[in-house]
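Residue numbers (the numbering used here), protein chains in the order written: chain X, 1 to 129; chain A, 1 to 188.
Just so you know, the hints here were simulated from the structure itself, not pulled from any lab data.
Note that CB positions come from ideal geometry on N, CA and C, so glycine has one too.
One thing to keep in mind: the hints can contain errors.
[As the list claims (entries may be wrong)] Facing chain X, from chain A, some residues (calculated, C-beta under 7 Å): (1) Val22; (2) Glu23; (3) Leu25; (4) Gly26; (5) Asp27; (6) Leu29; (7) Glu30; (8) Arg31; (9) Leu48; (10) Thr49; (11) Leu52; (12) Ser56; (13) Ile58.
[To be verified] Label-pair distances were calculated between CB atoms; the ranges are: (14) Ile104(X) <-> Leu72(A): 39 to 45 Å; (15) Leu72(A) <-> Ser66(X): 30 to 36 Å; (16) Arg81(X) <-> Ala143(A): 47 to 53 Å; (17) Gln9(X) <-> Met55(A): 18 to 24 Å.
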Amino acid sequence: MAKADSVGQFEQLVLTAILARRDDAYGVSIHSKVEELAHPKAVSLGAVYVTLDRLEDKGMIRSWLSDPTPERGGRAKRCYRLEALGEKALEESAVTAKRIWDGIVEVWGKEWVRGLNKEWGKRPGREPA
Amino acid sequence: MPGPPKAMQAGVALLIPPACRVEVLGDLLERSASARNPLTHYCIEAALTVPLVIMSRIRRTTDLQLLLMHALALYLSYFTVAWLTDRTMLWEPWGLLRLAFPGVVTLLALVLEDAYAKPRHRSPLRLAHGPLFGLGWALLLEAGFWTSLPSLTLPLWILLGGGSLGLLLTSALRLLFSPPSISPQGRV
Chain X
1 MAKADSVGQF
11 EQLVLTAILA
21 RRDDAYGVSI
31 HSKVEELAHP
41 KAVSLGAVYV
51 TLDRLEDKGM
61 IRSWLSDPTP
71 ERGGRAKRCY
81 RLEALGEKAL
91 EESAVTAKRI
101 WDGIVEVWGK
111 EWVRGLNKEW
121 GKRPGREPA
Chain A
1 MPGPPKAMQA
11 GVALLIPPAC
21 RVEVLGDLLE
31 RSASARNPLT
41 HYCIEAALTV
51 PLVIMSRIRR
61 TTDLQLLLMH
71 ALALYLSYFT
81 VAWLTDRTML
91 WEPWGLLRLA
101 FPGVVTLLAL
111 VLEDAYAKPR
121 HRSPLRLAHG
131 PLFGLGWALL
141 LEAGFWTSLP
151 SLTLPLWILL
161 GGGSLGLLLT
171 SALRLLFSPP
181 SISPQGRV
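In isolation and in its complexed conformation, chain A is listed as follows (with noise of 0.2 Å):
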């Protein structure tokens, strides 16, 4: 019985935060070797066994405190900036839920990115990098409401004030307050 295609313990690979690859990886693979159907097998235990790999970095790279933080720097970001610029969108239908969808993206973002980030590759250039790709996943997020939902889209200035207020200070508290995945296998 032929083993997993290479293509597909890439795929896997991807999946798996960099932290630890090479060992599950090579678990996956070794238990499937001994298995009746190889290819079966290791599709299946990989199925079952990434996520539970992916949860548990996130608890061991994720701060409750700072994540809390986060979240009120990103929200408020949003809300002054509408505040100063367009306070009439506060009081409108979800104008107060509205605010919040970018910052939750973007709070998610920071959340996969520090799970996912290579060990030891610590800089303060490399703490900007989670924001940045918040960011740039907020836009997205918009530009789909925009195609599909029109009605929960943020004005532009509010999005790019507030964007780049929360990118501020995102960033200064990730330099403040380095997030816990400094270690090859996070907290130890």
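Only chain X is shown next, with the shape it has when bound in the complex (with noise of 0.2 Å):
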């Protein structure tokens, strides 16, 4: 299997956007899940396209034109669906991202859990963990 190129925290943001849009993912729905994710860091939806693109040019997503609709001035949405080195490089990025939690659990403890989805559940659109 190919190895999968490093990817930042903002390509991951998107690369978790495009996994949980599934068939649905274009400009506009990867953009407002990935506003969901960066909560409370405000997103631009340049700063999408660019990262789209880059991680287009790395292989891990791949694009195409879907048919024009009337909500859109009558104009195609351009979709987006996870590649398998995507695919890896987003397991590889939960991976490390576990580790990391697992890490700061084991020093900070259970309370800090606790506190955290507190605060967690107070933020519009999360659920505590």
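With the hints as a guide, bring the two chains together.
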């Protein structure tokens, strides 16, 4: 299997958004999901386009134009899906994130996790872990 | 609230490279439709998004090695013609820098031409578009210098000779090493 390039934090967010949106992954829907994941940081649509282009160049995602839709003034959407390389990169990122999480919990303890869950529960669109 | 006027959408469309025009315009319109003030939202979002889209397209369609080869070919073209026709010009203050201006403008034109090229419209004739476009820009720049900063202009024969030689060399380079903007999205 080909070795996946390392991906940055924002690229991880975009890959996760594409994964989460499944068959409906296009500019606007990916951007809204990335904003939700990056909360409370604001994310510009342009930054998402730049990252999508870069991930496509790396061979981690694939794109195609859908049929035009009336709510977009008769313009087509560019849809995206993860390629095997993208899935592998995301998997590696998730494993690393899990290791970081475990490392922090080991030192800061369960109390910190409970506090974090309480904090996350207050945020809109977030479910406590 | 009314959406963005057609004229504004057409203006934004002109700025977006053709390879990604349809989807970016559609996304901008879709996002503004759900905003409280669609017109303002569209303007702000377009102003923030379009420059990044252009930069990303330029990154995808520009080959740095090829660009350096073009820069060298263009500078050598003007330098060779100056050396053969008016060597004293080279020793004048800013002489060597003056030779670089038309080349820099031509390079900029080449980069933009590749970024704004319509996908799947490649032909040997089209590869000469960029250098021709660049030569036109270089002539315009020199005309601008001639009216405002005459000390920076190049003698006409150096400009025309160097421009013609540069046109030949850059066209040959583009024919030999095709720019990477062949697919709709660029280098894929």
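Right, here's what the structure says about each hint:
1. Val22: 5 Å, holds
2. Glu23: 4 Å, holds
3. Leu25: 6 Å, holds
4. Gly26: 3 Å, holds
5. Asp27: Hint holds; Asp27(A) Cβ to chain X Cβ min 4 Å, cut 7 Å.
6. Leu29: At about 5 Å, which falls below the 7 Å cut-off, the nearest Cβ of chain X leaves the hint on Leu29(A) intact, so it holds.
7. Glu30: Since chain X brings a Cβ to about 5 Å from Glu30(A), closer than 7 Å, the hint holds.
8. Arg31: 6 Å, holds
9. Leu48: Cβ of Leu48(A) sits 5 Å from chain X, so the hint holds.
10. Thr49: 4 Å, holds
11. Leu52: 3 Å, holds
12. Ser56: Where the cut-off is 7 Å and the nearest Cβ of chain X is about 4 Å from Ser56(A), the hint holds.
13. Ile58: Violated. Min distance 11 Å.
14. Ile104(X) <-> Leu72(A): 39 to 45 Å: 53 Å, violated
15. Leu72(A) <-> Ser66(X): 30 to 36 Å: 44 Å, violated
16. Arg81(X) <-> Ala143(A): 47 to 53 Å: Holds, at about 51 Å.
17. Gln9(X) <-> Met55(A): 18 to 24 Å: Check passed, 20 Å falls within 18 to 24 Å.
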